[in-house]
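Listed below are the residues making up each chain.
Number of protein chains: 2
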Amino acid sequence: MIYIAVMGHGVVGSGVLEVFYKNHDSIIAKAGEYIDIKYVLDLRDFPGLDYSNKFIKSFEPIVDDPDVKIVVEVMGGLHPAYEYVRRCLLAGKSVVTSNKELVAEYGDELLDIALKNNLNFLFEASVGGGIPIIRPLSQCLSANNIIEVAGILNGTTNFILTKMIREGMGFEQALSLAQQLGYAERNPASDVEGLDACRKICILASLVYGRHVYPKDVHTEGIANVTLEDVRYAAAWGGVIKLIARVKKLEDGRLSAMVSPAFIHKESQLASVDDVFNGIMVRGDATGDVVFYGRGAGKLPTASAVIADVIDAVKHIKARKYLYWHKSEPGYVCDYREVPAVYFVRARVHDRQAAIRAAGRLFGKVRELLLPEGEVNETAFITPELPEGELERALGAFRALDFEVLSRIRVLDY
Amino acid sequence: MIYIAVMGHGVVGSGVLEVFYKNHDSIIAKAGEYIDIKYVLDLRDFPGLDYSNKFIKSFEPIVDDPDVKIVVEVMGGLHPAYEYVRRCLLAGKSVVTSNKELVAEYGDELLDIALKNNLNFLFEASVGGGIPIIRPLSQCLSANNIIEVAGILNGTTNFILTKMIREGMGFEQALSLAQQLGYAERNPASDVEGLDACRKICILASLVYGRHVYPKDVHTEGIANVTLEDVRYAAAWGGVIKLIARVKKLEDGRLSAMVSPAFIHKESQLASVDDVFNGIMVRGDATGDVVFYGRGAGKLPTASAVIADVIDAVKHIKARKYLYWHKSEPGYVCDYREVPAVYFVRARVHDRQAAIRAAGRLFGKVRELLLPEGEVNETAFITPELPEGELERALGAFRALDFEVLSRIRVLDY
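Chains as they are written, first to last, in this note's numbering: chain A, -7 to 406; chain B, -7 to 406.
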């Protein structure tokens, strides 16, 4: 008999309770031990539920109760989630969380406390919702050297971009539709500005390469500046614009990591990841590309990932899952300006030929992009591959020649 | 220090040795223990390799050597693989295999011996090559009730169909190209006739639903009869033809399982799985659809899956991974004729209107399919959903009216 406590009864927390009791028999069978929920921590009242008697408003009974072996943290946010999780681990309880912000900021420290106390700190639900990715990355792909991980990790921005690409809807309109449908929050900044995707790629990068990658070290750009014109140029180029979070290891051992909108080829497996779905590509030296696809968020998918971790924690109640990464040194993630990139540039110009000639002088050999329907007073081109710092300098010089740059979007080769 | 033995030095076996020694340091780090290969069993000679001194031609030293804790079986085929694996397990050695035929035929028995001897019998590489699927299914999705599993599980047939769809190449020509490229064997029967896909869906079905599904109980059709005309009709319908292996649980607890070519919608995530790639869709009640995509075969992807299992076996040398299914009773997989299906039917006719009227009488409301370029002396239609037995009877009656049926392909709703 194992008791667990659930901290937080919002979207994910209520989903955890729902899936837990709905599939209780098969969960117990899979865990090999009877499991029940002893406490649900939430400041709000939830009368009339089958489990209303389990609610408490204070954290102390959970941390003080020796019967509680596993604590599920689904409150979200950094505080008090961090303090609570830390205290649970120090008190000898394994912790399962869906909180990507927490793992991205404090994963190294919390994993270390778990290791020292022979406990598990599990967070499958923090990336990719119901898509199994943490466990396959840490186990199944363990015989590979992983060259690169790239993914569409945020469903809200992917929904917005899909509406722009498929239906020619403008950004603002697509955002407000996403809000109406409950895919975007009233304050959509953490999705739209790429912060959510950034936290998730930090977790994947930390896991894959063994050292903590902090969100502050990952250059992050959102999708608010992507226009329908850009979408049309991407189609003319042969692809689509997606918000891509990516990390790879450089030859000198440092990492390159970034979140930004990018052109990707329409043949890419990531190009067909539409609507609120997520897709994660893992490029291994032995496996080649493996892609995981599914609903990256949502009550039940996320809850099912949380419960899978709970089952795993029960099965490993006295052992430890091998899930760990080290602290990292400053400079572990290199400045994005050092990393080679290719830009798509769109500018308002009066004299296209002059603009393309100037671009050729500043960037090297550029490739002009034309829309099938034609475009007046605009030019667009693809630069050669150069370190981003050089691309930025060339772009500055291009602007200084009085060409008004309307868009600058990276171009990826997958 | 853990010694392993590798039985078989063919494509997969040599890949196991290659990946093992190439990534030796990181494999040891991940396993947490020094691992080396003590024996490689093969009847052939392999002089001039770094590990040529490890070759033996007889199985006995492996089974008799108490130092060997883990045996990798990558010989393929049922015999003597089955006898060797069985004896290894009885001798207290965990076994890792890539042999889908072995697992599909004898999985229940071998898992049972492993359970009774507190050993691991692992086979991640048997399905989906380098795509992690066995472990995510058994662990990550454990909080779900899995409604259905459907996949493109055979790379050779998918390559052939892709050439037919994308390049209008005929079946025979595509097959011979696949043979030239080494994707198909000289005797391509087990791929082309669907047997390979059948073995893999048997393994997934056994794992997901907990009881062994034997290949003989799964109705299996290959792709040899798929024509370019069928491919064109599928496009007109709005999809593509893929060889789909699938299983789902019926309300009465029995399973429906089948391998056959099928029309799937072009928006399906499986529709974009092209060339030698595999894609596996898992439909859970909580997660929704999750899709795993990657190279389903090949030396290095398969070898990397084998080695991931070896690492896992080392980490669980005295514990057991929860991987088990029971024997099944006759009748566990229902006769495919009981299960509702939709057919695409194409027939040679002189009078189209008469044919469609006859089809309407026999099948119920049918939908005629027209090619954009038109087609003389042919008609094609989609039937309503009926139990396959009824569809077959109606098709027999349609034939009896002297309409020559050229094709009959199932139509799926994903």
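No lab work stands behind these hints: they were computed from the structure.
Please note: incorrect hints may appear among the correct ones.
Since the list gives no way to pick one copy over another, a pair counts as held whenever it fits inside one copy or between any two copies.
[Claimed, not checked] Once the Cα atoms are required to be at most 27 Å apart in a straight line, the calculated DSS-like pairs of lysine-lysine come out as:
| no. | residue 1 | residue 2 |
| --- | --- | --- |
| 1 | 46 | 357 |
| 2 | 357 | 307 |
| 3 | 108 | 46 |
| 4 | 49 | 310 |
| 5 | 46 | 241 |
| 6 | 61 | 313 |
| 7 | 241 | 291 |
| 8 | 49 | 14 |
| 9 | 357 | 310 |
| 10 | 313 | 258 |
| 11 | 22 | 258 |
| 12 | 108 | 310 |
| 13 | 61 | 310 |
| 14 | 22 | 241 |
| 15 | 258 | 319 |
| 16 | 155 | 307 |
Now for the hints, and whether the structure bears them out:
{"no.": "1", "hint": "46 / 357", "result": "neither (67 Å within a copy, 55 Å between copies)"}
{"no.": "2", "hint": "357 / 307", "result": "neither (59 Å within a copy, 53 Å between copies)"}
{"no.": "3", "hint": "108 / 46", "result": "neither (31 Å within a copy, 40 Å between copies)"}
{"no.": "4", "hint": "49 / 310", "result": "neither (30 Å within a copy, 42 Å between copies)"}
{"no.": "5", "hint": "46 / 241", "result": "neither (47 Å within a copy, 35 Å between copies)"}
{"no.": "6", "hint": "61 / 313", "result": "both (16 Å within a copy, 21 Å between copies)"}
{"no.": "7", "hint": "241 / 291", "result": "between (34 Å within a copy, 24 Å between copies)"}
{"no.": "8", "hint": "49 / 14", "result": "within (25 Å within a copy, 54 Å between copies)"}
{"no.": "9", "hint": "357 / 310", "result": "neither (61 Å within a copy, 61 Å between copies)"}
{"no.": "10", "hint": "313 / 258", "result": "neither (38 Å within a copy, 40 Å between copies)"}
{"no.": "11", "hint": "22 / 258", "result": "neither (41 Å within a copy, 36 Å between copies)"}
{"no.": "12", "hint": "108 / 310", "result": "both (13 Å within a copy, 22 Å between copies)"}
{"no.": "13", "hint": "61 / 310", "result": "both (11 Å within a copy, 23 Å between copies)"}
{"no.": "14", "hint": "22 / 241", "result": "between (37 Å within a copy, 18 Å between copies)"}
{"no.": "15", "hint": "258 / 319", "result": "neither (38 Å within a copy, 45 Å between copies)"}
{"no.": "16", "hint": "155 / 307", "result": "neither (43 Å within a copy, 46 Å between copies)"}
This entry does not satisfy hints 1, 2, 3, 4, 5, 9, 10, 11, 15, 16, going by the numbered hints stated previously.
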